[in-house]
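So the chains spell out like this:
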Amino acid sequence: DIQMTQSPSSLSASVGDRVTITCRASQSVSNFLNWYQQKPGKAPKVLIYAASSVQSGVPSRFSGSGSGTGFTLTISSLQPEDFATYYCQQTYRTPYTFGQGTNLEIK
Amino acid sequence: QVQLVQSGGGVVQSGRSLRLSCAASRFTFSSHGMHWVRQAPGKGLEWVTFISSDGSNEYYADSVKGRFTISRDNSKNTVYLQMNSLRVEDTSVYYCARDRSSGWYRLLDYWGQGTLVTVSS
Chain A
35 DIQMTQSPSS LSASVGDRVT ITCRASQSVS NFLNWYQQKP GKAPKVLIYA
85 ASSVQSGVPS RFSGSGSGTG FTLTISSLQP EDFATYYCQQ TYRTPYTFGQ
135 GTNLEIK
Chain B
8 QVQLVQSGGG VVQSGRSLRL SCAASRFTFS SHGMHWVRQA PGKGLEWVTF
58 ISSDGSNEYY ADSVKGRFTI SRDNSKNTVY LQMNSLRVED TSVYYCARDR
108 SSGWYRLLDY WGQGTLVTVS S
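Sequences listed follow chains A and B, in order. Numbering (the numbering used here) for the first sequence: 35 to 141. Numbering (the numbering used here) for the second sequence: 8 to 128.
In case anyone wonders, no lab produced these hints; they're calculated from the structure. One thing to keep in mind: the hints can contain errors.
What the hints assert, rightly or not - Subject to a maximum C-alpha distance of 27 Å in a straight line, what follows is the list of computed DSS-like cross-link-like pairs (lysine-lysine): (1) Lys83(B) to Lys72(B); (2) Lys50(B) to Lys141(A); (3) Lys50(B) to Lys72(B); (4) Lys50(B) to Lys76(A); (5) Lys73(A) to Lys50(B); (6) Lys79(A) to Lys83(B); (7) Lys73(A) to Lys141(A); (8) Lys79(A) to Lys50(B); (9) Lys76(A) to Lys83(B).
Given the structure is predicted, the values throughout are model-derived calculations rather than measurements.
With these hints in hand, go ahead and build the complete structure from the sequences.
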C-alpha cells in the first residue's frame, strides 16, 4: 500500500497568516493527489484535486503543488473559516490512502 | 445540487451484520463510481471501498476485505455497503462519496452526511 505522511500533524496560526501543509507519498502517485478540508461533525470537502487543480467554488487563497512523492497545500491568507483539519489522499492506486491529517488551530 | 443521503447505521453486536445505503439524486448515478470512507471516533479518514459505475469492478481496503461488500442498484440510484462479521474496530462514521475521474485525476467530489456504526462487544 502507498503510505501518505502529512506534516505537521498540528499547526497554530493567526488570521491573515500564510500556511503550508506538506504531504509525502511512500512511492510516486504521479499527480493523483487530492486535498480535503473537514470541520467537526461534517463530511470532508475537496479543495484541490490532481495536485494543483482548485475545485469549483473553493476560494482562490487555496492552492496546491507538487508531483511524484512530494506535495503541498498552501493557504495564502488564513480566514476564520479555514480553521479545520486537512487531509491529503492519493488516488493513484488502491487502496486510496489518506494522510493522517493536519489540525489547523487558531493561535 | 448533488445529493447523497445515507441510512442504515446503528448499534450492532460484534460478529453481526449491518447494511448501509446511500441514495443519490440530482446527477446521473450510473455514470459515476462510488466510494465508502470511514472515520473512527477522534481519528482520521480511512478509505474503505470503491465500485465502478456499472458495478463491474470493486476494490477494498485490506481491513475489510472478505467481510464487507459494496454493491449498487442503478435503477434505484443507490449504493450499498454490506458489513458482515463486524468487529469493535469497525466502529466509525461511514461516508459514501461520489467518484469523479478522468485519465489524469480521480477525486471524491460529493459526500453523504455520514452515518454512525457502533459495534459493541
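Evaluation of the provided hints:
1. Lys83(B) to Lys72(B): Between Lys83(B) and Lys72(B) the Cα gap is close to 25 Å, so the pair holds against 27 Å.
2. Lys50(B) to Lys141(A): 22 Å, holds
3. Lys50(B) to Lys72(B): 21 Å, holds
4. Lys50(B) to Lys76(A): 14 Å, holds
5. Lys73(A) to Lys50(B): Distance of about 13 Å is within 27 Å: holds.
6. Lys79(A) to Lys83(B): 25 Å, holds
7. Lys73(A) to Lys141(A): Between Lys73(A) and Lys141(A) the Cα gap is close to 17 Å, so the pair holds against 27 Å.
8. Lys79(A) to Lys50(B): 17 Å, holds
9. Lys76(A) to Lys83(B): 26 Å, holds
Violation of the numbered hints given earlier is absent; every hint is satisfied by the structure.
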